[in-house]
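Undergrad: Residue numbers (my numbering), protein chains in the order written: chain A, 1 to 300; chain B, 1001 to 1300.
By construction, these hints were calculated from the structure, which means they are not laboratory data.
Estimated spans, in silico, between C-beta atoms of each pair: (1) 1030/B <-> 209/A: 21 to 31 Å; (2) 1273/B <-> 12/A: 52 to 62 Å; (3) 177/A <-> 1098/B: 33 to 43 Å; (4) 168/A <-> 1095/B: 24 to 34 Å; (5) 1015/B <-> 213/A: 36 to 46 Å; (6) 1132/B <-> 67/A: 21 to 31 Å; (7) 1207/B <-> 110/A: 42 to 52 Å; (8) 1024/B <-> 20/A: 40 to 50 Å; (9) 98/A <-> 1095/B: 23 to 33 Å; (10) 213/A <-> 1273/B: 49 to 59 Å.
A virtual CB, placed ideally from N, CA and C, is assigned to each residue, including glycine.
Protein chains: 2
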Amino acid sequence: MTDDSRLTAAMAEVADRIEKTLTALLPRGNGPEARVFEAMAYSALDGGKRLRPFLAVETARLFDVPDSRSLRAGAAIEFVHCYSLVHDDLPAMDDDDLRRGRPSNHIEFDEATAILAGDALQTLAFEVLADPATHPDGNVRADLVAALASAAGAQGMVGGQMFDIAAETAGAAFTLEQITRLQRMKTGRLFDVSCQAGAILGGASEAERAALAAYTDALGLAFQIADDILDETGDAAEIGKQVGKDAAAGKATFISVLGLDVARDRARSIALQAVKVLECFGTRADLLRQAAHFVVGRRA
Amino acid sequence: MTDDSRLTAAMAEVADRIEKTLTALLPRGNGPEARVFEAMAYSALDGGKRLRPFLAVETARLFDVPDSRSLRAGAAIEFVHCYSLVHDDLPAMDDDDLRRGRPSNHIEFDEATAILAGDALQTLAFEVLADPATHPDGNVRADLVAALASAAGAQGMVGGQMFDIAAETAGAAFTLEQITRLQRMKTGRLFDVSCQAGAILGGASEAERAALAAYTDALGLAFQIADDILDETGDAAEIGKQVGKDAAAGKATFISVLGLDVARDRARSIALQAVKVLECFGTRADLLRQAAHFVVGRRA
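When you get a sec, could you build the whole thing from the sequences and use the hints?
TA: Right, dumping it as structure tokens:
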């Protein structure tokens, strides 16, 4: 098997198992409230590459953590990711009608249901982490909750989204430093907590956690630059969401600041950085290294 | 001091200390994301009677838990309550311009900011509970997170809100049993977790937790019937929010099903039930008993 096909197979395996985990964790029932259960499932299932759960599971494997635990942690992080997409697509936010090639949650259901489904997906994430099935030691569970809350909250993902709205208003006046900070908050922190969750489950040392933090910092930036490139040059049908919206909105992106060619080079060199910082894990971290190249080379 | 004035003084004391706790826990900073910090503070501070934190602190005192711990748990529950009000007021939900006598969050800021502020208030709730300052034992912290998530999620508060939207669509066709179930989910579960948080912090026995659950079940229903009465007969200036909206929307409420007089009697008899189930705690639970009468008699 080539490196590429090994990674593809490993990601597909985790995506398949995460789908089953998410399905098992989603609420079920028949009352009048069941509409919100359906809306949660609509936006949590059949979705995306499941890159964050893959990072959680693959990092946990470095420490011989059973997949049954890391799949739950990965599912919790994926629920947060999915909730953020549901809320970001709302008319008052990015106003996107299309997500993963299907109508956005508020188009398929309605705005009120989409707001509630996002809210409940976030709650479910913390419920899953706090459950003894995730780890028998309450201190580990509480650490997972604290790490995810810090990554997802006002000084993490949500703060980044607020920052992004400000960036849209400010147009291209943002500096590279500001865009980098924005993306670290908006997307970087959730990548980071994916690997940190594996490390927390595995009782990693400070040095190991620092190496993983350096890895996800580079991975997140490379991912976001690639995302901006896809928004500029990608095909809507292949990506499954609208493209060219950032440029049309005059939004500051890595492309608007660096230009397309420099941005491409930058993404590749940052991916190389991500590969290097994992030295302490030897060949066991090979799939994580390949994932860094994958996020830069992806076409959707 | 009369019973009434003792309760008023005790509630004012907790409200004052909860205000300081909430203030200390809210995020601060100057970046472009600071707008969401301001919006969070706008809807979390200077607000309401702080009944849920009072229940948490007062229950914790039954078990000699230091207030420093129960104030944090109460603050977390209050953050969830405040997030739910911010999202409920949105145009796609109840479309309320007025809350606690001031413009709603999305009127004072804007819809996108209000959605994000609500999201981040929820996240902050779990971050506070998972912090070792809330309790040194991780198992206790994880239990608090699990209890709050269960109460707030798709099968609790958010499910109740979804149910309520369905009730609005269905008009007055709902039965008393259905309205009761709706209110147990929408408001009852958050009252319940307030007392349960005190019980979890205090290592309460199963029997003690069951007594507290019976108490909050009655308290929550009495509270909601009183709320429906206030919506029908109250004064908007005194309550600080719009009144008469439920009737205008043809929404099923305790009043539409029972009529005003029967509803008043029912609220009083349920409050008496709440008082009785706390026998096992003796006179130490007197303030909780008085709180049950207070929720029925309140005028705002």
